[in-house]
Amino acid sequence: MNVSGPARTVFLAAQDDFGLWRDAARGLIQAGIAPDHVIWRLPGEHVGDLFAGSSVSEAGDALPQVAVDAPSPRVSRAFLDHAARAVLHADPGRFDLLYRLLWRLQSAPRLMEDRADPDVRRIDGLARAVGRDIHKMRAFVRFREVADAQGSNHYVAWFEPAHHILKANAAFFVRRFTTMRWSILTPLGALHWDGETLREGPPAQRADAPGADPAEDLWRTYYAAIFNPARLKVGAMVKEMPRRYWKNLPEAALIPELVATAQAREAAMVALGGNDAPPAPETLADLEAAVGACRRCAIGCNGTRAVAGEGPDRARVMIVGEQPGDCEERDGRPFIGPAGQVLRSCADAAGLDLASVRLTNAVRHFRFVARGKVRLHQNPSAREIDTCRWWLDAERRIVAPRLVLALGASAARAVLGRTVAVQKERGVFLPLDDGADLLITAHPSYLLRLGDKARAEEERRFTADLAMLARRIAG
Amino acid sequence: MAQLTTLEKLAILADAAKYDASCASSGTTRRDSRGGKGIGSTQGMGICHAYAPDGRCISLLKVLLTNHCIFDCHYCVNRKSSNVRRARFSPQEVADLTLAFYRRNYIEGLFLSSGIVKSSSHTMEQMIETARILREEHGFRGYIHLKTIPEADPELVRRAGLHADRVSINVELPTEAGLARLAPDKSAPRIEGAMGLMQGALLEGRDARRRFRHAPRFAPGGQSTQMIVGADAASDADIITRASTLYDRFALRRVYYSAFSPIPDASAVLPLRRPPLMREHRLYQSDWLMRFYGYAPDEVRAAADPAGMLPLDIDPKLAFALRFREQFPVDVNRAPRDLLLRVPGLGVRAVQQILSARRQRRLRLEDLARLTVSLTKVRPFIVAADWRPVLLTDRADLRQIVAPPVGEQLELFGP
Numbered sequence: 001m002n003v004s005g006p007a008r009t010v011f012l013a014a015q016d017d018f019g020l021w022r023d024a025a026r027g028l029i030q031a032g033i034a035p036d037h038v039i040w041r042l043p044g045e046h047v048g049d050l051f052a053g054s055s056v057s058e059a060g061d062a063l064p065q066v067a068v069d070a071p072s073p074r075v076s077r078a079f080l081d082h083a084a085r086a087v088l089h090a091d092p093g094r095f096d097l098l099y100r101l102l103w104r105l106q107s108a109p110r111l112m113e114d115r116a117d118p119d120v121r122r123i124d125g126l127a128r129a130v131g132r133d134i135h136k137m138r139a140f141v142r143f144r145e146v147a148d149a150q151g152s153n154h155y156v157a158w159f160e161p162a163h164h165i166l167k168a169n170a171a172f173f174v175r176r177f178t179t180m181r182w183s184i185l186t187p188l189g190a191l192h193w194d195g196e197t198l199r200e201g202p203p204a205q206r207a208d209a210p211g212a213d214p215a216e217d218l219w220r221t222y223y224a225a226i227f228n229p230a231r232l233k234v235g236a237m238v239k240e241m242p243r244r245y246w247k248n249l250p251e252a253a254l255i256p257e258l259v260a261t262a263q264a265r266e267a268a269m270v271a272l273g274g275n276d277a278p279p280a281p282e283t284l285a286d287l288e289a290a291v292g293a294c295r296r297c298a299i300g301c302n303g304t305r306a307v308a309g310e311g312p313d314r315a316r317v318m319i320v321g322e323q324p325g326d327c328e329e330r331d332g333r334p335f336i337g338p339a340g341q342v343l344r345s346c347a348d349a350a351g352l353d354l355a356s357v358r359l360t361n362a363v364r365h366f367r368f369v370a371r372g373k374v375r376l377h378q379n380p381s382a383r384e385i386d387t388c389r390w391w392l393d394a395e396r397r398i399v400a401p402r403l404v405l406a407l408g409a410s411a412a413r414a415v416l417g418r419t420v421a422v423q424k425e426r427g428v429f430l431p432l433d434d435g436a437d438l439l440i441t442a443h444p445s446y447l448l449r450l451g452d453k454a455r456a457e458e459e460r461r462f463t464a465d466l467a468m469l470a471r472r473i474a475g
Numbered sequence: 001m002a003q004l005t006t007l008e009k010l011a012i013l014a015d016a017a018k019y020d021a022s023c024a025s026s027g028t029t030r031r032d033s034r035g036g037k038g039i040g041s042t043q044g045m046g047i048c049h050a051y052a053p054d055g056r057c058i059s060l061l062k063v064l065l066t067n068h069c070i071f072d073c074h075y076c077v078n079r080k081s082s083n084v085r086r087a088r089f090s091p092q093e094v095a096d097l098t099l100a101f102y103r104r105n106y107i108e109g110l111f112l113s114s115g116i117v118k119s120s121s122h123t124m125e126q127m128i129e130t131a132r133i134l135r136e137e138h139g140f141r142g143y144i145h146l147k148t149i150p151e152a153d154p155e156l157v158r159r160a161g162l163h164a165d166r167v168s169i170n171v172e173l174p175t176e177a178g179l180a181r182l183a184p185d186k187s188a189p190r191i192e193g194a195m196g197l198m199q200g201a202l203l204e205g206r207d208a209r210r211r212f213r214h215a216p217r218f219a220p221g222g223q224s225t226q227m228i229v230g231a232d233a234a235s236d237a238d239i240i241t242r243a244s245t246l247y248d249r250f251a252l253r254r255v256y257y258s259a260f261s262p263i264p265d266a267s268a269v270l271p272l273r274r275p276p277l278m279r280e281h282r283l284y285q286s287d288w289l290m291r292f293y294g295y296a297p298d299e300v301r302a303a304a305d306p307a308g309m310l311p312l313d314i315d316p317k318l319a320f321a322l323r324f325r326e327q328f329p330v331d332v333n334r335a336p337r338d339l340l341l342r343v344p345g346l347g348v349r350a351v352q353q354i355l356s357a358r359r360q361r362r363l364r365l366e367d368l369a370r371l372t373v374s375l376t377k378v379r380p381f382i383v384a385a386d387w388r389p390v391l392l393t394d395r396a397d398l399r400q401i402v403a404p405p406v407g408e409q410l411e412l413f414g415p
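Taken in order, these protein sequences are the chains called A and B. Mapping to the UniProt record's numbering: the first sequence position 68 is 68, numbers consecutive. Mapping to the UniProt record's numbering: the second sequence position 205 is 205, numbers consecutive.
In silico DSSO-like cross-links for lysine-lysine, where the CA-CA straight-line distance does not exceed 27 Å:
| id | chain 1 | residue 1 | chain 2 | residue 2 |
| --- | --- | --- | --- | --- |
| 1 | A | Lys-233 | B | Lys-377 |
| 2 | B | Lys-186 | B | Lys-80 |
| 3 | B | Lys-186 | A | Lys-424 |
| 4 | A | Lys-424 | B | Lys-118 |
| 5 | A | Lys-167 | A | Lys-247 |
| 6 | B | Lys-186 | B | Lys-118 |
| 7 | B | Lys-80 | A | Lys-424 |
Since the hints were made in silico from the structure, they are not lab data.
When you get a sec, could you build the whole thing from the sequences and use the hints?
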């Protein structure tokens, strides 16, 4: 059924009208006109010099006469699905390709299943590019709100699609924003929805759309905040959000700065994270020297002297306080200030011999605020306790006490690594990972701050806890 | 303290939410607002409305209701002992923000999580209230993902599922020991108990829909979870085991992995370096192998080294093929689908196309070149009409041929 002869020119009235192409193609196939005899023309395309002098007319050639009983062309579902998409592609050669495939399908009806065929691959590529553009339009349209003359809100977007997909996407926006009044303006046409009907408009310009929306500040703030500078992957971003869309995305203006500052922000976090631990000391002398040189937190850097633990190297019992105070820092020994006095007198009353006990602190340096000549004690922060915990762990490893007494919340945190409510957890032995047992009680400085009556009661409880420890040592 | 503006609160609460990996808006029912009421729509496939420079998709407004928290989990930037700035949104504020973003087509919906204030149940109620305002007062048809708090009242968990498309409970760490050490306020049995409850509610909801057409939908997007990788000593094999157990026991839609990343004001209990982001990627690949390529967890574990770690320089599928060379080459013109899926370099789509194309004719190497990304990678493992890899699969240097060593990526903040 091959018909040879002069080339036929078919004019298509619209860039994105699959129906027109399909009707024309059906007639051509039925008339048996081979692909290399068909020239497809689009609106706005001039019949150029190439064809000057040929028999092509401006209106195109009349479609060939088709016999009434000519069989309908054979097409597969897969071809129709692909063709309906591929027709929307900006590639001017798409109609040639589609017709060539349709022609080949007449003799090879299962051609579409062969993805290794170059024509099938190409139509697949076109259809996928259009599908992607449709998807990206749904993602990257950004409406800006304007109040119109009647005072009601109107949402207007400016978008530049790569292919002829505006109409194909209309239904999506209608379904999603049915109750809003909106317009999408593009260089190839516009869509207007008033809540009930959809209108098409002529090609628009960027200046026709509003220039800003107050909500964009919030959106940019969100965009910058949700970005994790420790995971910079610009390539992955650009792959999914190609640069050509950036000019119409309000958030994209932030990208250069976010990328440029990401490494510095991560470096700062890593430096603060203190992940640079040296090898742990193995003797108490090494420990003492290393603690003295530790500058891993703000207290370590405040110029005070570090106070090491005191007591036998292999003590069965370790008592952990909070941090050295004014007196302790001056003399370089733990528990010699007022709180130390309370501990010693209560230990005597409880029958606990402190000479056999290792005394140490959760934090090794003295944190204070200066008020004139007086240095006022300040609690260490959780972060500082956690940082200094590394030294306490080392000391516990070397001394290997079987019983640990934590005085107050800071000491308990340093041993357990979590926030502890002292009043809830005091007075019972808790097993530790290294097989030792932990007893938690109040810090003696807490007793110092109480009024006489309350202090007597708390002193009794504190002494009872110490006695419990003494009994455990004896038993 | 001065009242924070919405802008400041958003900056704090979005910053605090960015360590949740999931931003999926997929897998729910189709809805739209054509009835003339409400706003929004969902279809099966999610939409990523933007991408951050970390390459992650921004599909949902992902915020915390508050970053105040009574818990003290070491890996978490919002833990009680952290010095970050704190802020708190009211349910109404989050609902308004969601709608403002949604109307401008910035997002698909909301992913709401929260630090725990007062009590777990109180916090959960606030989150549900946010979802209720959106669904009932504004007829919001977009996507809602609620992070459920395992310690909350089971009745609240059920209510969350009535408003949300997806619910999730984070298992946080792959091992119980890791959880005990790094998240001392959480308990693995309680987390799993909550996941079990959620699964029960999901099944019940689906069953009710089957019998009564108007029964309310219960979290049609199912439940997912997240594990932090590299914050404890768990190996890749441990993680794969844990993930496959979770998939089996709780019928999860997804297990997300989040490489532990440096956080501001990190806890000093984490004496560790950041795990390579590649490790997270390899775990996702192994997840894919189990979910779409028909690999059993045992087989994926077999691709790991004796210490249980997947190789970082090659993907787990290639590692598996190199280790079990006796299973190759595979004849692309004859082999069944499940064997083709095991060929390194052939994805699900390429395999589908090979099956379809080979019904037309016998495939040659040039055909495969059009169907695959890299013929070099595929060639040693296949037989085609004009190709047979003579001895290639037995060569000791095969790994160099299919995965030539690239210049080693130096750690930016290495030791």
